[in-house]
Amino acid sequence: MTSSTVPTRRGEFWAGFRATLPLVVGAIPFGIIFGALGVTSGLSPMATVGMSLFVFAGSAQFIAAGLVAGQVGMSIIIFTTFIVNLRHALYSATLAPYVRNLPQKWLLPLGFWLTDESFVVVVTRYTQPDDSPYKHWYYLGSAVFMYTNWQLCTLLGVVAGQTIPDLRNWGLDFALIVTFIGMLITLITSRPLLISAVAAGLSAVLLNGLENKLGLVVAALLGVAAGVMAESVMPPEVKATPETAGGVRHE
Amino acid sequence: MNEFVLIAGMMLVTFIPRYGVMALLGRIEMPGRVFRALRFVPPVVLSAIILPAVLLNSEDGRLDLTLRNSFLIAGIIAGLVAWRSKNLLLTIVVGMAALWVWRWLLMSAGG
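Sequence order for the protein chains is A and B.
For the first sequence, counting from 1, position 241 maps to 460 in the working numbering; every step adds exactly one.
For the second sequence, counting from 1, position 78 maps to 79 in the working numbering; every step adds exactly one.
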């Protein structure tokens, strides 16, 4: 990502592509399972593929497939999708200052392609200190890779869903969690960040009973609040090494 | 159910928070405090997804801190690998392998 060479559009695009590779690997089983679940939940193969093409939101698609299987009404499914995807508003707000000078022909697709995975990869690139003018190409590389992979995996899953039963028993739903664990660990570079993550995680466990993943949104807000407070009481120049950050866990 | 309307509706309510906030906030000068607070968003969201997934039983939603919780065991191993190696692909491979090995051990032990 950080190279001494002069940044180019193509270089940024492929750097974004490469940085997203591990996340794409983590999303593969998730996409296949969605395709498989979609067709077994009562959606047509066309609608299952269409949902990946036009909605492109992993967890919301899973929940929607589950609700379709449970014969839930359409307006409730759409409302649930809205609530589940509200966290993207938080991502969108985070990225807004970096993309403010981009024209609409960039903002529309980049907004459409905003996912948990691309967000984390891209925000890491944007916060690097170099002033490359092509960081949105990095975003594009990440987003195009995630999107293409999601479509292929959905197709594969639609086919697999009609042939292999009980894909979930293979523990493939853990692939995404393990990917997120890897991402989280590399993001925690200071004590306030660690404190915010611990606060959000514990809150999410306590609030797990709330409907429609609302607990996740509330937990995220509590985590941000904890991080901001921690930052205001700690000297800002303290940048924890992995060793010292690990020690805070017991506080 | 009309699948076309369902997907169109889901598309709309997903696209609005993704694109709309980005497009609107880009026009306003954001205070430095807000900007600094937003840096916490990526880790808190990940943590809020991970912890319930590894600590709670997926069927009844209860806290499960036993050795029978294979997500917890594999999650801890994956976390250690990520921390020591900073290598995401390695973390995924070892984490998944740990899950399968642990489940196999549980099955062997449980009969």
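To be clear, the hints were calculated from the coordinates, so they are not data collected in a lab.
Do not take every clue at face value.
Said to hold, decoys possible - Straight-line alpha carbon distances no greater than 25 Å define the calculated DMTMM-like cross-link-like pairs of lysine to aspartate or glutamate that follow:
#1 B/LYS87 / A/ASP349
#2 A/LYS324 / B/GLU30
#3 A/LYS324 / A/ASP350
Said to hold, decoys possible - Just a few of them, taken from the derived set where beta-carbon distance is under 7 Å, the chain B residues facing chain A:
#4 MET2
#5 VAL14
#6 LEU26
#7 LEU39
#8 VAL46
#9 ARG69
#10 ILE78
#11 THR92
#12 TRP103
#13 TRP105
#14 ALA110
Nothing here was measured: the structure is a model prediction, and the numbers come from that model.
Ideal placement from N, C-alpha and C gives every residue a C-beta, glycine not left out.
Status of each hint after checking the structure:
{"no.": "1", "hint": "B/LYS87 / A/ASP349", "result": "22 Å, holds"}
{"no.": "2", "hint": "A/LYS324 / B/GLU30", "result": "22 Å, holds"}
{"no.": "3", "hint": "A/LYS324 / A/ASP350", "result": "22 Å, holds"}
{"no.": "4", "hint": "MET2", "result": "6 Å, holds"}
{"no.": "5", "hint": "VAL14", "result": "4 Å, holds"}
{"no.": "6", "hint": "LEU26", "result": "4 Å, holds"}
{"no.": "7", "hint": "LEU39", "result": "4 Å, holds"}
{"no.": "8", "hint": "VAL46", "result": "5 Å, holds"}
{"no.": "9", "hint": "ARG69", "result": "14 Å, violated"}
{"no.": "10", "hint": "ILE78", "result": "9 Å, violated"}
{"no.": "11", "hint": "THR92", "result": "4 Å, holds"}
{"no.": "12", "hint": "TRP103", "result": "10 Å, violated"}
{"no.": "13", "hint": "TRP105", "result": "11 Å, violated"}
{"no.": "14", "hint": "ALA110", "result": "17 Å, violated"}
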